[in-house]
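Now that you have both chains on their own, put them together as the hints suggest.
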Amino acid sequence: MDVQSNAKQRDFALLASGAKLSSLQWGGIAIAIGIGLIVPLMVSDYRTFQFTLVLSYAMAVLGLNILTGFNGQFSLGHSAFYAIGAYTAAIMMDQWEIAYYWTLPAAGVVCLVAGFLFGLPALRLEGLYLALATFALSIATPPLLKYDHLSKWTGGVQGVVITKPDAPFGLQISQDNWLYYFTFVVLLVLYFCAWNLLRGRTGRALKAIRDNPIAARAMGINTSLYKSLTFGVSALYTGVAGALGAIAIQFVAPDSFTFFLSVAILVGMVIGGIGSIPGSIFGGIVIVFVPNVAEQISKAAPWAVYGTLLILCMYFMPLGIWGFIRMGYARFTRRRKAS
Amino acid sequence: MANRRNFVVAAAALAIALAYGPAGAAGKYDPGASDTEIKIGNTNPYSGPASAYGTIGKAIAAYWKMVNDNGGINGRKINFISLDDSYSPPKTVEQTRKLVEQEKVLLDFQPLGTPTNTAIHKYMNAKKVPQLFVATGAGKWGQPKKFPWTMGWQPAYPGEAKIYASYLLNNKPDAKVAILYQNDDYGKDYLNGFIAGLGAKAKSMIVAKESYETSDPTVDPQVIKLKASGADVFFNITTPKFAAQAIRKVHDLGWQPLHFLNNVSTSVGGVLKPAGLEKSVGLITTAYLKEATDPQWANDADMKAWNAWMDKYLPGGDKSSSFNVYGYAVSATMHEVLKRAGDNLTRANIMKQAASLKGLKVPLLLPGITIDTSPTDFYPIECARLAKFDGEKWQLVGDVLCPKK
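Protein chains in written order, with my numbering: chain C, 1 to 339; chain E, 1 to 405.
One or more of the hints may lead you astray.
[To be verified] Here are the simulated DSS-like pairs of lysine-lysine, each with C-alpha atoms no more than 25 Å apart in a straight line: (1) E:Lys201 / E:Lys227; (2) C:Lys299 / E:Lys388; (3) C:Lys152 / E:Lys209.
Calculated directly from the structure, the hints in this document are not laboratory data.
For reference, chain E alone in the conformation it holds in the complex (with noise of 0.2 Å):
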């Protein structure tokens, strides 16, 4: 008797214990969270053959040392975790395990690089952490199904090429287009979404496409053999130095087709410019972040505020690099993710948070684009503008394009 009375009274304290226990405490946390701190992760190559993208890093480091100034997230500091991985996946691997069991970070924010990203991919999934917002822009990260803790964050490329395609649709229904792609997963998630976004028009659209090796010298050779397809239209899927050459190439073959460049190579200094700046009139790209270097945003609010913050937090960068206006607003798009989960920081809530993300509009991102998410959409900027090279600077043309689902 006496031991059943008390299994009785210890399960009805056990009850009350579980009614009330939650309810008593303040939030609810996951690891890395606590009434007073959030604990971020990253990884990043500040060395090695990538560490130019280094940068990225130290802006978000900058962001969230201006938050914390600010008097953080729902009264929680940030407190960011930045490792170098010096673009090699197995120090990623390593890093990001340090990040997770060591450092017990609440989640993993853009990590950077394709095959970086793809080490952890799966590693992240098994551990239920938040990969959150990674910096790259191929298409796999968008899978809620089968990865429902990776999500992108930058327009990924086949969405891109669909932009260039619904736009040809759209205003030259009866292009001739002729394709250059680099031959690996990149240039074929561009051209598999150029193909998916033509749709049934693809093939009597394009009439020639030719591909090159990351080793090939030049493409000189790819470009004279698309320009004898007799096409009007060129979608140049290059990384820079390919860029630089193929823009050279078709100028001086006397070749004008309606020339779209991928968002990869649009960089003046680095592409334009050894291509020849008379030579890089007309070409098209698109674009979704304020040009910082843009006399037309000189008064913009948001501008402002990141000119400010560059002045405090990063007073030797470089304020014509693109970097630096990305770090800010991506950092902007995950501190408003945090300030949504409130005080249940689970990790589960801050996934549910980010696939629900509705018009949201970040500073720097182009008027008219915004974040978009839900728990089946997880490509959180899917719009751009057109943009087209005045011989200076790219020049926004348009309205805001998105691809057609």
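Just chain C, with the same shape it has in the complex (with noise of 0.2 Å):
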């Protein structure tokens, strides 16, 4: 064999394992932030403002994604991690005039700290069990946060409201493009490090701890140690979706981060579309915008059109919207080969 067929094979096994990107995936990447610089332009505040919780979302469920679809772990309890993260920011903006840009590395660290405390304990829980548990946390979160002692900061059930920021450099833009453009930086870099920490060996030990995790043992993988980081690496990327959401909702409160929350996060992934990272983005405009059209079809019962929408999804796309679209390429190009 010679040296260029070796590398081609090399490429092939590469780009075939998500760790190079093909000239189509760059494609689609430059077109998808294309549309995201785009889109504030063309759409009044308000949508603009739908669409930074869109972002904000878009990274809780990629935490998520993080946790349970490469690692397999699965968490009932990512609204407690939000709420940590929204009250991060909100506490520092409000008690001690923090700039919004600082809450977001200390909403990051705070969560990476709870969630790899979190995930030691649920070292010891799996499948269900663990389900269960992240259960317990995020309904004991609310009233956490009502606490007497604790509401001196907190703001107990009144929650704390927040200054929302100006945009910086003079520049002429509104508050609300501001925002969304921030947020969609921040964004980019969040997807950018999670791409760079799941397409090595790293990504490669979660996915082996999730599909095997004796085997996984047995080629000297750490597990417990991959486990509790990754709930912590998990945990940092809804608490930075939390202090985000926070800031453009510029109000936190107990009622805020229900366990409701924590479904809507999972319904995200896995409609958007289980261990894939595009797939997040669309996590986040279904947590923002199927509510919202169920209730335009219905106001009766809006939560009857609700799961109907989530069945007819689950039935049509088993594998999320992200696997719907690489399916239909996928019969697109083998058609196309075939004529």
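Below you can see the structure in the form of structure tokens.
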């Protein structure tokens, strides 16, 4: 075998494993970024605000995806990490008057630690049992946020109202547009980091633990360390998302972070595409827009419509929106090759 | 020279245009109002854990349908846009921004819930869009100086507590009061209102107070402690589940205080039946709306109109639900404000009209209870009557009582 074909084969393997991107994928990313940059220029401030929320939820969905999609650990507790991130940002801005951009790393670090610590005892739990433990986390969060001795910082039931940041450097764009672009850049950075993390050794280790933990351990992977670190990283993503969401909404309260938020993130992940980075964006879109669509169809029973839409999605797109796009593309190219 | 003459002509033309411009149009309008339509926004929990409250939103929509069938208000139809927020503050912000920025409503009427209204409080006041007659009893909706665009409607919790306090001062000045309250803003709103209502005598009259968390399984230990204080008046500031527990425990301990129960937990089906109807005899609370099930209103003209409206516009609706009475009465208040605003449908004028209601009688409010507001008083309903539970239903007792200011 000559050197050239050897290199070609390696290239192919890298492409197949997602470690390297094909020109088609690069093109797709460029188009997605282009759309992302143009969107706020085309729509009203209110829509821009909605898209800011989409980006924030997409980040949270990615966080859950890293944990569930890539590492196979279930969580119904991500509303708790979202809340911790949101409250970290709100308290820093409200009590200590720290600039909003500094709250993101802080929210990330706080959630990383919280997630890692929660991940340690969670190591003993598998599958459904872990889902139950994290469920407990998410239903315990709102009462904890109302807890009297913490209310000096959390504002108790009242929550915390925060001020929306203006565009810096005298930029002549609205607060909503500025916040959108700010969130967009953070999203790009976090998505790049996730891709970088998941495409190499670490990603393979995570998937190995998901697919066969015993084999993974036999290969020398420190499963407990990887699993709890994954929990931490997943919480970090969700926490940063929570902080950005709080800044966009300008308000945090215990009632914002109920168990339903965990379910929404889970639904976003499943419909967007489990174990897929681009699918998470669709997850964010689903979280924000599907309830609105359901409400437009029927005001009397919006949740019945919501449920029906979910069933239809799962029936026609069992691998989620991203899986649907990939399968559609594969079918399209196969047909083109055949003809 | 030519330039200067042009300038003078242009200035004169502008002056004439300014002088005659508004007079030529039929009315003064802000976004959401026109010669033919008034757009009103609203958020309600039609889905989610608090969806029982969604009944109110449906009742309000049915009210405006009736108004439109009868020709609208001053010739304008009401376009009532009510959106679902699932009782989730972030969703409320999103939906309210949709109402204000995309639907361009003239005002936001009856958004429901304390956390949800808190989430949009600052936004509405920054945008200068009326957030009118909000569906929550918290005390913070009446701050005309700080939040001139927000107003409540129902009696606020502190005001209700002051009514009990003034009753005690007048009828039982040597009372020894024990208080049980939920440890959050709602409970403290009541507690602080009660202490303020008693004034200087608060220290000597309140002999014990105990709080509970919503996560507590039971309030029995608190009630036992309160009984041990030797109090002869018990002020019960609890939400339905805990109210039922406390009522039962008070009775089972053989304690027979004068028992005030806050308006939040007066549902016969939801609280008193689980507690035991015979154990609930003698409870005292406040009422400001007519009960549809009360036979004394059977021939009342407003109640008849309400029944006809229920049959025509809410055929499947529950006539025993106070939410349907509430929705009708609060909409009638909004109706009156819009009527008075006439052709001047600016947001500022709406707030001005809402803040100058004097002795307004609204259908289904108890006789003697009126709506009174002023530029410094953003609490529309402040008075109420006491009602005593007779083992079957609430019986109105005594006259209309108003909290001392």
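Hints versus structure:
no. : hint                : in the structure
1   : E:Lys201 / E:Lys227 : 21 Å, holds
2   : C:Lys299 / E:Lys388 : 38 Å, violated
3   : C:Lys152 / E:Lys209 : 22 Å, holds
Consistency with the previously given hints fails for number 2 only.
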